[in-house]
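Student: Next come the chains, spelled out residue by residue.
Number of protein chains: 2
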Amino acid sequence: MRMLLIEDNVALADATREYFLNLGHPLDWAGSVEQAERSLSFDDFDLLILDINLPGRSGYQLLQSLRSQGNKIPVLILTARAEVDDRVSALDLGADDYLVKPFDFRELAARCRALLRRERGDASSETQYGNLVYNQSTQSACVNGQPVELRPRETQLLELFLKNLDRILTKDDIANRLYTFDQAYTPNAIEQTLTRLRKQLSDSSLIIKTIRGLGYLAHVND
Amino acid sequence: MRMLLIEDNVALADATREYFLNLGHPLDWAGSVEQAERSLSFDDFDLLILDINLPGRSGYQLLQSLRSQGNKIPVLILTARAEVDDRVSALDLGADDYLVKPFDFRELAARCRALLRRERGDASSETQYGNLVYNQSTQSACVNGQPVELRPRETQLLELFLKNLDRILTKDDIANRLYTFDQAYTPNAIEQTLTRLRKQLSDSSLIIKTIRGLGYLAHVND
DNA sequence: CTGAAACTGACAGCAGCCTGACAGGCGCAA
DNA sequence: TTGCGCCTGTCAGGCTGCTGTCAGTTTCAG
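The listed protein sequences correspond, in order, to chains A and B.
The opening residue of the first sequence carries number 947 in the numbering used here; numbering runs sequentially from there.
The opening residue of the second sequence carries number 947 in the numbering used here; numbering runs sequentially from there.
Wrong hints could be hidden among the right ones.
List time: in silico SDA-like cross-link candidates among lysine to any residue, alpha-carbon distance up to 20 Å [said to hold, decoys possible]:
1) B:Lys1117 <-> A:Ala1055
2) B:Lys1117 <-> A:Phe966
3) B:Lys1155 <-> A:Glu1100
4) B:Lys1117 <-> A:Glu1072
5) B:Lys1155 <-> A:Glu1095
If the Cβ cut is set under 8 Å, some of the chain A residues that face chain B in the computed set are [stated by the list, open to error]:
6) Ala1056
7) Arg1059
8) Ala1060
9) Thr1084
10) Gln1085
11) Pro1098
Quick list of simulated restraints, FRET-style, between CB atoms [as the list claims (entries may be wrong)]:
12) A:Glu1137 <-> B:Asn968: 53 to 59 Å
13) B:Arg1013 <-> A:Pro1133: 23 to 29 Å
14) A:Ser978 <-> B:Lys1145: 52 to 58 Å
15) A:Glu1053 <-> B:Asn968: 22 to 28 Å
16) A:Asp992 <-> B:Arg1142: 31 to 37 Å
17) B:Gly1040 <-> A:Gln1092: 44 to 50 Å
18) B:Glu964 <-> A:Glu1053: 20 to 26 Å
Calculated directly from the structure, the hints in this document are not laboratory data.
Where a beta carbon is used, it is the ideal one built from N, C-alpha and C, also for glycine.
Could you build the full structure based on these sequences and the hints that come with them?
Tutor: Here is the structure:
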């Protein structure tokens, strides 16, 4: 579960980050809409926590532009203004929930969990790719009806490839999905994970081709 | 079984809470309709116990708005007024039961159990999972016809797993079910309870698998 | 053919989980 | 009140298995 907090108040951001870290959930932080857009452009997040009152472009504009691009990522709005209008328009714009400052961290965490659960609980989370069936809610895969034991890293990698079929993924793309900013990684770690994933999926119709010097490309062979 | 009590009388709320905690059922408390709405928006409850005479927006309004949203959660109304009119209109609005203050805690608990049993729909609250039979109304379990002695915490955990077969439950999910907001918990407490539950169910066909780094998954092995 | 990139088996560190032992808290009985 | 038993959370030690590193090998483009 990867979350991005967009908040210009450094003290609040730090405290929030610390709280979530203690819960075991890494939280990336962006101080402005511009910074957030940069993070979003080369990284996938599962959830955004978005302050409305930001210097420069407001949180609304970010939310609006995300939704107009068809991005459905769950967004939780933080607002200092308690007016109902604010809340209504936030939800109208496509926010999934809101919280009025000052708030209790426990409530924020509970709401995040609720959003993620809603996301996870969605039906039709099972998708078929040739003889490979992947279930996103249980994070499990079957090949020819036989369950395949995937480790967390392999699962992350598989999800990434399934979301990007027939598209080249560079090692950097992959690293950005598997590791947070401050986690160091070596290209070899990715290669190793890929080897393990390929071994698990050796009988499946999902083929992960190496494109030497560029990256990898997954496609379904049928 | 997670319940929310909406009651402005602090002393009564505390006493009720204590009573249910002793029975092994976490009970969250909201002092006003606004607070209740906040709790309801980000957490799932199995039952509401709702005082009608609340400062500000009344319990009726909350009930009405819940039902108009199509929310079917069982609601038990508490009322200090003994008038029949009150009761009738509460039931009209979609309350499932009512109780006139002052009341006996044992009666409240019995009515809550009855509501939850009705909710589940099946007349016999006994369900079979392979060689494991669980009776929800007596909160007792049998494996191969032999009764299994379960402690309150273990029972809560078992119920949670039975309601979520073949679905991953994270430690957070579990914590949210076993503990109220303000109760601190450590992951280890859950692990310990799980160890104890597994030991009790070692001969049963209910398997609780650990999914390292993610959570737990229960399924019936037959 | 050559060098760089990618693959992969072996291994070690470590985080997550399990579990036995213990202690605090509570209810109950004397 | 004291003593006892039960429940449940904490602690610490141990174990498992995941994951990154290393090093040797293979592959491939030029």
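Student: Hints first: check each against the structure and report whether it holds.
Tutor: Now the hints, each set against the structure:
no. : hint                                : in the structure
1   : B:Lys1117 <-> A:Ala1055             : 14 Å, holds
2   : B:Lys1117 <-> A:Phe966              : 15 Å, holds
3   : B:Lys1155 <-> A:Glu1100             : 19 Å, holds
4   : B:Lys1117 <-> A:Glu1072             : 23 Å, violated
5   : B:Lys1155 <-> A:Glu1095             : 13 Å, holds
6   : Ala1056                             : 5 Å, holds
7   : Arg1059                             : 6 Å, holds
8   : Ala1060                             : 4 Å, holds
9   : Thr1084                             : 5 Å, holds
10  : Gln1085                             : 7 Å, holds
11  : Pro1098                             : 5 Å, holds
12  : A:Glu1137 <-> B:Asn968: 53 to 59 Å  : 57 Å, holds
13  : B:Arg1013 <-> A:Pro1133: 23 to 29 Å : 58 Å, violated
14  : A:Ser978 <-> B:Lys1145: 52 to 58 Å  : 53 Å, holds
15  : A:Glu1053 <-> B:Asn968: 22 to 28 Å  : 27 Å, holds
16  : A:Asp992 <-> B:Arg1142: 31 to 37 Å  : 33 Å, holds
17  : B:Gly1040 <-> A:Gln1092: 44 to 50 Å : 48 Å, holds
18  : B:Glu964 <-> A:Glu1053: 20 to 26 Å  : 24 Å, holds
Figure legend: structure checked against the earlier numbered hints; hints not met, in rising order: 4 and 13.
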